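Peer 1: For the protein sequence lines, the chains are A and B, in the order given. Read left to right, the first sequence gives residues 1 to 705 (our numbering). Read left to right, the second sequence gives residues 1 to 705 (our numbering).
Simulated from the structure, these hints should not be mistaken for lab results. Any given hint might turn out to be false.
[Stated by the list, open to error] The calculated lysine-lysine pairs, modelled on DSS-like cross-linking and capped at a C-alpha distance of 25 angstroms, are:
| hint | chain 1 | residue 1 | chain 2 | residue 2 |
| --- | --- | --- | --- | --- |
| 1 | B | Lys494 | B | Lys658 |
| 2 | A | Lys664 | B | Lys558 |
| 3 | A | Lys664 | A | Lys359 |
| 4 | A | Lys664 | A | Lys35 |
| 5 | A | Lys295 | A | Lys112 |
| 6 | B | Lys664 | A | Lys658 |
| 7 | B | Lys664 | A | Lys558 |
| 8 | B | Lys494 | B | Lys35 |
| 9 | B | Lys664 | A | Lys664 |
| 10 | A | Lys664 | B | Lys658 |
| 11 | B | Lys658 | B | Lys581 |
| 12 | A | Lys35 | A | Lys112 |
| 13 | A | Lys581 | A | Lys565 |
| 14 | B | Lys565 | B | Lys494 |
| 15 | B | Lys581 | B | Lys565 |
[To be verified] From chain A, some residues computed to sit far from chain B (all C-beta separations above 10 angstroms):
| hint | residue |
| --- | --- |
| 16 | Gly62 |
| 17 | Arg101 |
| 18 | Gly253 |
| 19 | Ala254 |
| 20 | Leu303 |
| 21 | Gln380 |
| 22 | Phe486 |
| 23 | Phe525 |
| 24 | Tyr532 |
| 25 | Val589 |
| 26 | Ala609 |
| 27 | Phe631 |
[To be verified] Coverage of chain A stretches by chain B, computed from C-beta distances (three or more under 8 angstroms per stretch; other residues unrestricted):
| hint | segment |
| --- | --- |
| 28 | 19-32 |
| 29 | 396-410 |
| 30 | 472-485 |
| 31 | 503-510 |
Just so we're clear, the structure is a prediction, and the values are computed from it rather than from any experiment. Where is the CB? At the ideal position from N, CA and C, for every residue including glycine.
Chain by chain, the residues run as shown.
There are 2 protein chains.
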Amino acid sequence: MTWVLYLIIACGALSIAYGYLTRNAILAADAGTPKMQEIAAAIQEGAQAYLSRQYQAIGLVGVVIFIVLFFLLGLLPAIGFAIGAILSGVAGYIGMNVSVRANVRTAQAATKSLADGLSLAFKSGAITGLLVAGLALLGVTIYYWVLTTILGYDASSRQVIDALVALGFGASLISIFARLGGGIFTKGADVGGDLVGKVEAGIPEDDPRNPATIADNVGDNVGDCAGMAADLFETYVVTVVATMVLASIYFTGALTEPMMLYPLAIGATCVITSIIGTYFVRLGSSQSIMGALYKGVIVTGILSLIALWPVTAFLVGMDTSMTIGEVSFTGQSLYFCGVVGLVVTALIVVITEYYTSTKFRPVHEIAKASVTGHGTNVIQGLAVSLESTALPALVIMAGIIATYNLAGLFGIAIAVTTMLALAGMVVALDAFGPVTDNAGGIAEMAGLPENVRETTDALDAVGNTTKAVTKGYAIGSAGLGALVLFAAYTEDLKYFAANAAQYPYFEGVDPAFTLSNPYVVVGLFLGGLLPYLFGGIAMTAVGRAGSAIVEEVRRQFKEKPGIMKGEDRPDYGRAVDLLTKAAIKEMIVPSLLPVLSPVVFFFLINWIAGKSAAFSALGAMLLGVIVTGLFVAISMTAGGGAWDNAKKYIEDGNHGGKGSEAHKAAVTGDTVGDPYKDTAGPAVNPMIKITNIVALLLLAVLAHQ
Amino acid sequence: MTWVLYLIIACGALSIAYGYLTRNAILAADAGTPKMQEIAAAIQEGAQAYLSRQYQAIGLVGVVIFIVLFFLLGLLPAIGFAIGAILSGVAGYIGMNVSVRANVRTAQAATKSLADGLSLAFKSGAITGLLVAGLALLGVTIYYWVLTTILGYDASSRQVIDALVALGFGASLISIFARLGGGIFTKGADVGGDLVGKVEAGIPEDDPRNPATIADNVGDNVGDCAGMAADLFETYVVTVVATMVLASIYFTGALTEPMMLYPLAIGATCVITSIIGTYFVRLGSSQSIMGALYKGVIVTGILSLIALWPVTAFLVGMDTSMTIGEVSFTGQSLYFCGVVGLVVTALIVVITEYYTSTKFRPVHEIAKASVTGHGTNVIQGLAVSLESTALPALVIMAGIIATYNLAGLFGIAIAVTTMLALAGMVVALDAFGPVTDNAGGIAEMAGLPENVRETTDALDAVGNTTKAVTKGYAIGSAGLGALVLFAAYTEDLKYFAANAAQYPYFEGVDPAFTLSNPYVVVGLFLGGLLPYLFGGIAMTAVGRAGSAIVEEVRRQFKEKPGIMKGEDRPDYGRAVDLLTKAAIKEMIVPSLLPVLSPVVFFFLINWIAGKSAAFSALGAMLLGVIVTGLFVAISMTAGGGAWDNAKKYIEDGNHGGKGSEAHKAAVTGDTVGDPYKDTAGPAVNPMIKITNIVALLLLAVLAHQ
């Protein structure tokens with residue numbers, strides 16, 4: 001089977017090669033006028049400075065955790081942690097690096113045509129997307145190869161499992177910091193800049209006279225690009241690892257190895273189909289941007305559908321029959337679970353488009369409500385955000401039922417893995433957004449003709465939808481995978497309790513996960529609380545950072561009256577600096593909330609009611625955090641996207657257009673939606689994952705005692 | 001034991017007598033100038049007209065359900081349903097009736113002193129409060145007496161249980177309609193009136209030139225007063241009924257009857273202590289309104305603490321030992337569970353005050369964020385609303401753990417019962433709010449001196465907090481009682497399954513409520529979805545009603561330019577009429593959502609995966625709806641209160657005071673908070689209850705097949 005591993009590694013390497021070649025193609029494109037390059041350089045510098053400082057701060061936390069893990073669990077898990085953390089950081093860093101070079105080139109390409117602008121921006125997004133999928137696949141596969149082939153550990157041994165789980169933890173830890181830090185930076189700049197620029201001073205977005213404008217564009221790169229990349233990286237890793245853990249538990253004998261490789265093979269297959277898919281993203285005669293993107297997604301989906309059949313047939317065997325608990329199934333059932341995963345992805349994309357695109361009822365209703373004022377705009381936006389959770393939740397529920405009936409819990413795991421195997425393509429859709437956003441900013445600041453801005457705005461509006469899609473997709477996979485993560489926990493727990501002679505801590509542990517157990521209900525509530533508290537803290541942080549920016553900009557306007565007249569240059573660096581400090585300071589506490597909560601909660605309940613109750617409560621907490629987290633995250637990300645596009649819809653000339661009272665109200669809605677969709681909402685996904693993975697690590701640590 | 005029943009009935013009757021006498025005292029007070037009386041008459045007329053139409057609409061639904069219940073379950077449950085429905089309506093109707101008479105008298109009393117205004121408004125609230133508690137107690141007790149003493153059914157027979165559950169259903173059904181219909185009416189008026197009056201026309205709140213102003217004041221009475229009364233009525237009834245059902249299941253022999261009477265006795269005791277407590281609400285030398293109200297609450301709490309000891313000792317016996325499942329306990333343990341219920345109530349009151357009062361950090365932060373604009377105000381308000389869920393949830397979790405360890409599931413039930421036994425006092429605090437709000441409106445419209453409005457505003461600000469308190473208390477009781485409602489369902493199900501010979505539908509039913517059952521996870525998600533979807537629909541309804549009002553007012557201003565000059569009289573009646581139609585139309589669909597969801601969901605899962613899976617999924621749904629509902633409801637009600645008071649805080653002269661930019665932003669926040677706190681948020685509580693009680697009824701119906 002080792003050559004299968006090599007093949008998977010080769011597919012992963014291919015994504016790196018794709019990234020390298022595409023990067024060169026982007027760099028070869030025209031970087032525009034010196035003025036544009038000057039602006040781009042400022043953004044680049046700010047993004048690099050922020051990311052270095054952020055990684056330094058996270059690095060400190062990482063070193064501490066590395067040492068703790070080393071002493072608690074040994075070297076291999078500690079190394080796994082380091083691999084996950086470093087690769088997650090690398091994916092974000094490279095993505096940002098490409099993005100800050102593609103932005104100015106996209107602006108320049110947009111001077112020619114919409115198709116050129118789209119092509120360049122999408123290529124940049126595709127690099128980030130395929131690096132995320134490729135690095136995640138490589139990280140897990142190579143470390144698995146080292147553990148099993150080089151070090152010779154049994155594939156289903158605790159050494160391998162603990163090390164892989166720790167790898168997932170490393171990825172999760174970086175991702176929550178990156179999502180939150182980047183989110184606070186980008187939305188602090190956006191909210192503050194909009195308030196003081198658009199609302200107070202009456203200057204347009206991205207006007208060079210606004211001292212916060214470079215910071216705003218830096219934010220797109222460090223938050224929407226690097227933060228998102230780290231998030232999807234961890235989602236991918238955690239899902240694959242959880243599926244591998246389940247495989248190691250459910251299958252014995254000759255089946256263990258192929259079943260552990262199966263999720264990796266799915267990932268490898270979809271890297272290839274995603275690469276092919278990227279070449280199909282091309283603007284048709286209808287000039288529909290979303291249509292162009294859909295082409296790539298559909299090609300990738302169909303090719304995956306076709307390619308996964310032989311992969312499954314070869315690795316698992318279509319007629320191989322397996323049994324988990326009461327459910328019996330064949331390799332073919334697993335293939336169909338993968339199909340369900342693809343269908344769920346497609347439905348989430350379509351539903352999210354419906355709720356956030358400028359073409360449909362929800363956004364139109366928010367735009368219409370803007371006519372009667374700020375208040376009704378926000379009310380309608382909140383209404384849409386609440387409502388937008390229903391259909392995705394129903395899709396996820398249907399997915400759970402279908403895949404469970406096909407192939408039990410492992411079927412759900414395969415569905416989620418297949419869903420995330422498309423990350424390369426889906427992230428590409430997302431990462432193209434900040435590039436076009438930046439391109440618009442550069443066009444505005446460099447004083448390019450009005451029609452360039454119109455082109456980038458059209459791209460940006462689609463970017464708002466695709467950004468919401470990725471977030472819905474990430475959190476949707478968490479919802480569909482809820483039982484998988486929970487099962488990883490309960491199966492681990494069962495294993496330790498069954499081998500209590502070897503793991504004395506688990507002597508007599510017999511947790512009851514039934515809903516009539518009060519500790520289960522308490523666990524559900526505590527889990528349910530986390531996304532709310534976390535969201536509250538994140539929103540406050542953005543508000544605070546935004547207010548600081550408002551004051552800084554007001555100060556600059558006052559001290560240098562020449563700025564508003566265009567005679568004096570604002571000090572862009574100060575705003576970037578201020579936000580860097582604020583974001584890094586504000587990200588620490590909320591990021592540690594999901595890391596520490598499971599541990600504190602476990603020991604508290606253990607102290608009150610003993611080990612069994614504590615394990616029950618902790619398990620329930622893992623589900624509780626998904627039950628509310630799913631709704632909090634979807635409502636925030638879809639609602640925020642809808643607000644943003646309602647503003648764009650008005651700017652397109654509806655309800656009075658730019659400058660009208662309706663537009664002012666829509667700007668307020670957009671401001672509110674900013675931290676909703678780009679800070680609090682998306683950070684819920686890594687938060688859920690980290691809670692789950694900390695619980696798994698806690699089991700491993702207790703087993704080591 | 002029959003004389004204990006009579007004593008309980010006597011206590012209930014006492015609350016009616018209290019209401020009657022206090023009403024006379026209010027009517028005897030000075031009703032102010034003819035101008036004030038004319039305005040009050042218009043409000044009265046509008047409120048009566050709306051409530052009649054609302055009850056007619058609900059009556060139609062009620063008659064249909066009465067007939068359905070009669071055919072499915074027989075006469076006694078149908079009658080029970082009617083009793084619950086009618087008494088719930090009566091409580092709301094009388095409350096509204098007193099409130100629309102107390103408002104003008106409070107305005108008049110406020111011309112004398114703050115103490116007089118407070119005294120009158122609080123008396124009016126106390127009538128509603130004690131009627132809610134008294135009628136609920138009387139309804140359950142008298143019907144129980146008829147069933148067991150007159151008709152001679154065994155206290156724990158299905159006849160008695162089904163009839164009582166149907167009574168709870170009747171109360172719940174009215175309450176969801178009343179909460180939602182009233183909520184849409186009041187907030188449609190409020191949002192629409194504010195937008196077009198305060199923001200567009202620049203006239204103050206309650207200005208007589210605003211055609212929506214009478215509708216706004218009507219709304220306070222039909223939404224905040226009648227709607228809230230119906231809500232608390234059902235919360236009380238459902239909790240007491242669920243506790244009685246559990247008692248009938250858990251206790252056998254000589255213990256059955258006293259244990260079924262125990263929750264009623266707790267209710268009776270607290271009616272008396274609440275009546276006494278109302279006499280202690282008096283403004284001290286510090287002029288602290290909240291302090292005055294606290295006095296009444298504290299006296300009621302302490303007296304209840306003292307009185308429940310002998311009641312428990314007599315009815316249960318302090319040393320009587322009982323066993324449920326694995327937990328053994330004594331009568332004394334039950335007493336302490338009651339104490340925990342009181343402590344939970346006290347903590348929720350204090351926490352809600354912290355988050356919504358003008359005195360503390362959360363409101364100050366929203367006010368401060370208003371300085372930088374509409375957007376930051378809303379962001380900070382949402383942050384507070386998310387954050388405000390954490391402490392109440394922790395208190396509820398602690399309450400579950402404490403009471404379960406004291407006396408198992410029945411201990412939790414007794415704690416919730418005791419918590420709700422205080423409804424008389426708590427509702428009094430709440431119902432005083434709309435009276436003072438109306439008094440302020442009347443003072444403004446009648447052109448009373450500025451200091452009268454200041455007095456009523458001070459009362460109103462406290463009213464915002466107490467309104468949030470009641471809602472937190474109602475939903476908190478639902479959270480604490482989640483396991484009780486769930487246990488009523490599972491125990492009923494167990495009973496039917498164990499007696500499958502008699503109830504053939506339940507042959508072979510063996511539901512698994514463990515979290516590793518995918519149908520349980522699906523049930524949790526579907527339950528979790530309901531508060532979101534429901535909230536989204538409710539918010540949309542308010543937005544739509546508000547926009548209709550904006551257009552109507554604009555039309556009137558345009559057609560009669562004399563209105564703004566004060567020369568022409570606006571047509572107040574049209575706004576009231578328009579809202580009446582809108583509210584009644586919009587309340588139907590969302591109200592039926594929680595009624596039909598459990599039924600549809602059950603049969604769908606039954607069709608896919610069989611009965612056991614369907615019963616598991618339905619049970620999980622009951623908990624899912626509480627897990628997200630708790631957070632949705634608390635965040636909306638506390639957040640909305642905080643927004644409202646942030647506006648009041650600015651109007652008190654902070655951050656620039658009335659008319660400043662900060663004030664405008666705060667008005668936006670207040671507008672957003674309106675449907676949050678008075679429509680969507682509070683309606684979640686009856687929604688949770690109705691889902692649970694429909695599930696119980698479904699079991700009864702299936703058992704009847």
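Peer 1: What's the verdict on lysine 295 of chain A and lysine 112 of chain A, does the C-alpha distance respect the 25 angstroms limit or exceed it?
Peer 2: Between lysine 295 of chain A and lysine 112 of chain A the Cα gap is close to 23 angstroms, so the pair holds against 25 angstroms.
Peer 1: Find the nearest Cβ of chain B to the Cβ of alanine 254 of chain A and say whether that gap is larger than 10 angstroms.
Peer 2: 27 angstroms, holds
Peer 1: Hey, is phenylalanine 486 of chain A genuinely clear of chain B, shortest beta carbon separation above 10 angstroms?
Peer 2: Violated, because the least Cβ-Cβ distance between phenylalanine 486 of chain A and chain B comes to about 6 angstroms, which does not exceed 10 angstroms.
Peer 1: Holds or violated: lysine 35 of chain A and lysine 112 of chain A, Cα atoms, limit 25 angstroms.
Peer 2: Holds, at roughly 18 angstroms.
Peer 1: Compare the distance between the alpha carbons of lysine 658 of chain B and lysine 581 of chain B with 25 angstroms, and conclude whether the hinted pair is satisfied.
Peer 2: 34 angstroms, violated
Peer 1: Does the claim that tyrosine 532 of chain A lies outside the interface with chain B hold up, using a Cβ gap greater than 10 angstroms?
Peer 2: 5 angstroms, violated
Peer 1: Just to be careful, I want the Cα atoms of lysine 664 of chain A and lysine 35 of chain A compared with a cutoff of 25 angstroms; is the pair within it?
Peer 2: The hint is violated at about 31 angstroms.
Peer 1: Is lysine 664 of chain A close enough to lysine 359 of chain A, meaning Cα to Cα at most 25 angstroms?
Peer 2: 21 angstroms, holds
Peer 1: Since glycine 253 of chain A was said not to touch the interface, does its Cβ keep a gap of more than 10 angstroms from each Cβ of chain B?
Peer 2: 24 angstroms, holds
Peer 1: Are all C-beta atoms of chain B more than 10 angstroms from that of leucine 303 of chain A?
Peer 2: With a cut-off of 10 angstroms, leucine 303 of chain A remains clear of chain B, as the shortest Cβ separation is near 30 angstroms.
Peer 1: In terms of Cβ atoms, is chain B entirely out of 10 angstroms range of phenylalanine 525 of chain A?
Peer 2: About 5 angstroms separates phenylalanine 525 of chain A from the closest Cβ of chain B, which leaves it inside 10 angstroms; violated.
Peer 1: Is lysine 494 of chain B close enough to lysine 35 of chain B, meaning Cα to Cα at most 25 angstroms?
Peer 2: 64 angstroms, violated
In summary, the structure is inconsistent with hints 1, 4, 8, 11, 13, 14, 15, 21, 22, 23, 24, 26, 27, 28, 31 from the numbered list given earlier, while agreeing with the others.
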